[in-house]
Each structure stands twice: as C-alpha cells, then as structure tokens.
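If you read the protein sequences in the order shown, they are chains Y and H. Heads up: take any position in the first sequence, counting from 1, add 53, and you land on this note's numbering. Heads up: take any position in the second sequence, counting from 1, add 32, and you land on this note's numbering.
I should point out that these hints are in silico values taken from the structure, not numbers from a laboratory. Backbone N, C-alpha and C define an ideal beta-carbon position, used for all residues, glycine too. It cannot be assumed that every hint is accurate.
Unchecked claim - If the Cβ cut is set under 10 angstroms, some of the chain Y residues that face chain H in the computed set are: (1) PRO90; (2) GLU94; (3) ASP95; (4) ARG98; (5) LEU99; (6) GLU126; (7) TRP129; (8) VAL132; (9) TYR375; (10) THR483; (11) SER487; (12) SER496; (13) GLY498; (14) SER500.
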Amino acid sequence: MNETASMSTQTSDVEKLVRSEYRHGFVTDIEADTVAPGLNEDVIRLISGKKHEPQFMLDWRLRAYRHWLTMREPQWAHVRHAPIDYQAISYYSAPKSKRNAPKSLDEVDPKLLETYEKLGVPLHERARLAGVAVDAVFDSVSVATTFREKLAKAGVIFCSFSEAVKSHAQLVEQYLGSVVPYSDNFFATLNSAVFTDGSFVFVPKGVRCPMELSTYFRINAANTGQFERTLIIAEEGAHVSYLEGCTAPMRDENQLHAAVVELVALEGAQIKYSTVQNWYPGDENGVGGIYNFVTKRGDCRGNDSKISWTQVETGSAITWKYPSVLLRGDNSIGEFYSVAVANHHQQADTGTKMVHIGRNTRSTIVSKGISAGHGQNSYRGLVKVLAGAEHARNYTQCDSLLMSDRCGAHTFPYMEVKNPTAKVEHEATTSKISEDQLFYCRSRGISTEDAVNMIVSGFCKDVFKELPMEFAVEAQRLLAVTLEGTVG
Amino acid sequence: MLSIKNLHARVAGKDILKGLDLEVQAGETHAIMGPNGSGKSTLAHILAGREGYEITHGSVTYLGMELLTMAPEERAREGMFLAFQYPVEIPGVNNVYLLKAAYNAIRKHRGEEQLDAVDFLALVKAKMQLMEMDASLLSRAVNEGFSGGEKKRNEILQMLVLEPKLALLDETDSGLDIDALKVVASGINRLRSPERAVVMVTHYQRLLDYIEPDFVHVLAGGRILKSGDKSLAVELERRGYDWVLAEAAA
C-alpha cells in the first residue's frame, strides 16, 4: 500500500515556513585521537585493542565484518542520497586526554564539560534538577556517567559499553546480539564490526530503577562516523526508563551515524525508551547533515513484559529507523509513539515493526509525521501476527501534517496476519496546517509563531504525553526551534 | 473609533467591496444587513486582517491607527475581536489553553501582568456560567466535536474574556435555536458599554429583537446603500431588500 499526499493548495503564510538555524552547530576545539579513514580487519583489531577488549568481542566484530563484506546497502527506503564511501570514514575518534578513562568528573576535560553545558546537559551531579543519570558519549567514546553510586546501591548497572565489556563481560557476552544479531542488516552489521561505545544498562530482578537514565550523544570530529551500541536488560519484574538525546556540529559533509540498540525484557519487566534526536539536519539547501541509519529492537522475552518506544525525530538529513518489538512472551505489550519532522531537504523514513509471537500480545502504534519545506516524511510499519499468536491485537494510528506545498507525506503500512483470532486496526490521516487555524489564533492576539507551535504541539499531543515530563517540555521546545521562522 | 472610507476590495479577481463607507463611534451598536453575497462577511474578515483580499482603494482607521497595515494579532491586541461564523477546529489544542494564550498576549501588549492558570480559570469559569456552557468544553480541543451552538457560545465566551473595544460579529445568530440565541444575545449585551462598540453582520432581524442596534445599514453590491435606525431592520424583514436596491438604482 502506498498513500502519497502532496500539497498543492494555496499557501501564503504557511509558505514561509522555512527558516531556522541549528542551535547546536558549534565545534569543540579539542585534541582528538582519530584513526585514519578506511575500513579493514586491521582497523577493527586496532579499535578492539584500543579498548582492551576480551577476545570474544574481537571475534564477534570480525565475524560481523566478514559478513558485512557480503552485504549490500538496502535500497528500499524512500530516501535519496549520494553513494556513501565507507573507506572515506574514520571509524574511531576519541578526545585525547589522560591515558586512562576519567574516574570522576573532575578528571574530564573542562572543554568537554563546557560543550555539554552549552548543549544543556550539565554533567555535574549537583546541577541535575530532576535526578536524571546521564551517560555522555562524545564522538566515539563515553566521557562521563553520573549518579553511578546511587544506581549501584539499587543494583543497577549503568555505564559505558566499553566499560561493560571489561567489567561485565559475562552479561555482555550473554545478551549482545541476542536481539539484533550481527548479521541482521547492512548498517547493524557494520555497527557490530566497528562500534566504539554506547551505554549499557542492567536492572536486576525485581528492581525498579530509582531514576531516569539518559545518554547524550554528540558527534564532534569531522569525517567520522558514530557507531554506538546500547544494550539494556531488564530482568524479571524490573522497570527502567531511558532517554537518549543527540546533537552534532554543522558541517558541509554528510556524516554517518549507524547505531544499534537492543532491549531485553524478561518476565514482567518494563522498558521505556525515549529518544529526542536532533542531529544536524543539513542547511536549507540540503548540504551536509547526519545520515541517521539506526537499528533499534526490543525483545519482550518473558510473559507480561512491556517495551515502549517513544521518539521525537527533528534532526538528521536522513533518518532510517524502525524501533521494533518482538512480542514473544504471552500477554506482552509493545508500543511505538513517534513524532518525525522533515523540514528543508530532510528525509525521514521511519516507523516500527511489531511482531506478535506469543498469545494475547498487544501493540499500539501512534505515528505523527510533520513535513515542511521540501521535506519528505515516510511512515513504514510492519505488523506481523504469527500463527501461534492467539488473540493478538494491534492498533495503528498514522497522521501526517503538511506545512508547505513542496513537501511530502507517505505511508507504507504492511500487515501479515497468520492467525484468524487476531485483530489489527489501521487509521491514517493527512492534513495541512490551515490558513483558517492560523488566522483564528492570530485574530485572538496570538503571534503566528506561537500559533504554529500551538497547532503543531496539538498535533503531537498523543506522543508528547508519553515522554517523561522534563523531556516533553524539551521536545516541545525543540520542535518550536526546528519549525521556527517557518511562518511569516 | 472605526472609520472606513471608500473601501474597495477584490478577491480572486472579483470586486467585492466597491466604495464602502462606515463610521462607528464608541458606545454604538451597528447592524449590517444585506442579501447573500453582498460582501458582509468579506468586510468582517478584512477588518480582522484575513489575508487573500486585495485592497484596491480606500482607507480604514481604527482608534487613530491605519488598520490595514496592521497584522491580525496586532489588531486583536489593540482590542478588536471577530466572532467567526464558522469557528475552526484545532485538534489537540486545549480550549482554555488557547484562550489563556490570547488573554496573556493581549495583556502583555498593554504592559499588564500575566494572569496565572488558577486565576485565569476562575475568570473563565465565571464567564462560562453566563454563557450557560458546560465546564467540560474548557478541557476539550478548540471547537473539536462542538455542536454548532456550542461553537457560537464559545466565540462569545472568548469575547467576554478578552473584553474587546470593537467586537465584530459575523452571523453569530445563524444556526442557533431560540434559547441559545437568547443566551448569546445576553452575552453580547453584557459587553456593551460607552467605551465599546459592536458591529453585527446578520441576515435576520430576529437577532436585533434581543440586541437593539443604534444603526442599521444595508450592504449590497459592495456598498452601504441605506442606513437607518432599528425600524429599518423591521422594514427589511417585511419588504425584503429589493426596494432598497431599486431606490439606490434610481
């Protein structure tokens, strides 16, 4: 199925919807240890060596690399870009500081701390308002993780992936690749070969994580790819809420970001994963920007488990990502709430996969796509009900908002239902922000800018309410900045 | 307060207003009547600042300002209010949230302090009682799923909260049953004062039974053809518009 809607109706105010500056586009001048561009087995050995990884990790990377060589880039997404030269990318860049990783914030380069302050991510623990634990990833390596002691008391492990490979090797070996195998897809396989860092979370049986966990990703160095890997494990009855945020400097070249996120929920466990993605989207003419090719998947492995993805995607030149849930346990629940913005020349091809395997599994999909300027926004979703998934339920709602006459909204819903007791619903709407709505607000004394924000926020309400409170405010602000100046 | 001189306007290449004159003083209530397609709603929209109209001639001053150069939100902040004939739905935007944003935008413009949510809610609830509106309408999305009558009441509620100097009412009586009409009319009457003015666009005389106008104008063919007091409305109800058109042609 392909419902394509393009706007050709009159637009005057809305027409002007296209001018906003990227606010995180600064570059931090910091000495970095960067490996020469190019990819081969030696580079992988070098990365693994720099990180002092155990043998199993190197073996896994090499298996992935060899498999990757047999694969080709996927072509099915509704996006266009020049061919990517994988040999022109540097696969490792780390701020060069002390020989060993910093043990506390006092040892972190003050320039890095400054960078995060600028981004609005204060790492100083006392400065944290709401008690959110933060792991900050700068280029390829994790630079700081806060609140670790408090978390450790509750039995929660929250650290950089590199550290987990060393200190919790057994857990990593047990779960790594168990949701997204190294052979999964072109970008996930590339990530498996070259990933440099990311976050690791382990919440033991029966523990409710005492605070929100958060990772902040930042690409700084030029011509580097960022390949991080996140693994979150919630044991029986454990609960955890996790948020990631991302930014990058403004550069004319495109930069590749190919991340992998794996979530494992055992019996009765709940994982809530929220993303506010604001990678540099490129300029008004479509020059530069991040290629965001990400594989995110959750595995509801145990009965009565629940995994919920919430994403607000405002950045990146191209977004290619489908956070998915494998509903294996009986009565397990999968959710996907998404706001995706495509302004200027941004292209977003995003959606989800819900695979119903267990009985009485339920999934909910709410997708809100906003297209402005020349932006192209596609929702691509798969709802699959296997033969054994008795009484599976899915509800999908897919709404598109158009803000100019040159943008596009596309919906590609796929359904495969192999069990007659399943109930699958799909609703889709396409609307435009209307002159009538804007005039109505303005005639009440509200500025155009505020009116647009109000109308767009209203459109996204069902998704924003799923975000943790502070991040909902952040997301709303981000959306306002992204669409700033889009109207006269 | 409002002075319209020789206003000519066209939309999509078609002349709608062809030399309209109108003077409105503070404290006055004017009714503008006329056949369908005479330009009544166009006039209301032009005054409120809707885009898409080409002003080819004439001028409009409002409180001494050149109205036609002002953005719609500036006009609203200077005390102009348009009650829409067809209020638009805005999904996901809370009704009271929009109203509070409007109220505070206007106060900010006047250099007054913003009202917080609690005080504002109290203010709105008091006005809602006057309009005999169900409190649930506050927490619903703007006009979404409102009945025709609820939409019109909501417009007048907004007007009572924003307390405009010049209220423009575009066919506010259309689609109302008699009980709703009485409530809406009493809301409008409540706003009338020596400092304010009301301009009502209407098809029917029946609204004027409840809101007594000081002046009645007949708008046809893009001009005010005849003006009088409320007895003119009664005569129009009885005789229709043809005789006015004939008189003007003569």
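Going down the list of hints, with the structure as the test:
A least Cβ separation of about 46 angstroms between PRO90(Y) and chain H goes past the 10 angstroms threshold, and the interface hint is therefore violated. At its closest, the beta carbon of GLU94(Y) sits 53 angstroms from a beta carbon of chain H; the interface hint therefore is violated under the 10 angstroms criterion. Contact between ASP95(Y) and chain H, as hinted, is not supported at the beta carbon level, the nearest pair being about 54 angstroms apart and thus beyond 10 angstroms. Nearest Cβ of chain H to the Cβ of ARG98(Y): about 53 angstroms, over the 10 angstroms cut. The hint is violated.
Because the beta carbon of LEU99(Y) sits about 51 angstroms from the nearest beta carbon in chain H, more than 10 angstroms, this interface hint is broken. The closest approach between the C-beta of GLU126(Y) and any C-beta of chain H is roughly 38 angstroms, which is over the 10 angstroms cut-off, so the hint fails. Hint status for TRP129(Y): violated, given a least beta-carbon distance of 32 angstroms to chain H, over 10 angstroms. Interface hint at VAL132(Y): violated, since its Cβ lies 28 angstroms from the closest Cβ of chain H, which is beyond the 10 angstroms cut-off.
Checking TYR375(Y) against chain H by beta carbon gives a least distance of about 25 angstroms; that is not within 10 angstroms, so the hint is violated. A hinted interface residue such as THR483(Y) counts as satisfied when its beta carbon comes closer than 10 angstroms to some beta carbon of chain H; here the least separation is about 13 angstroms, so the hint is violated. Interface hint status for SER487(Y): upheld, as the beta-carbon distance to the closest one in chain H is roughly 7 angstroms, under 10 angstroms. The beta carbon of SER496(Y) is positioned within 10 angstroms of a beta carbon in chain H (closest approach about 5 angstroms), and the interface hint is therefore held.
The beta carbon of GLY498(Y) comes within 4 angstroms of a beta carbon in chain H, closer than 10 angstroms, and the hint placing it at the interface holds. Using the Cβ-Cβ criterion of 10 angstroms, the hint placing SER500(Y) at the interface with chain H is satisfied: the shortest such distance is roughly 5 angstroms.
Hint compliance for this structure: hints 1, 2, 3, 4, 5, 6, 7, 8, 9, 10 are not met, and every other hint is.
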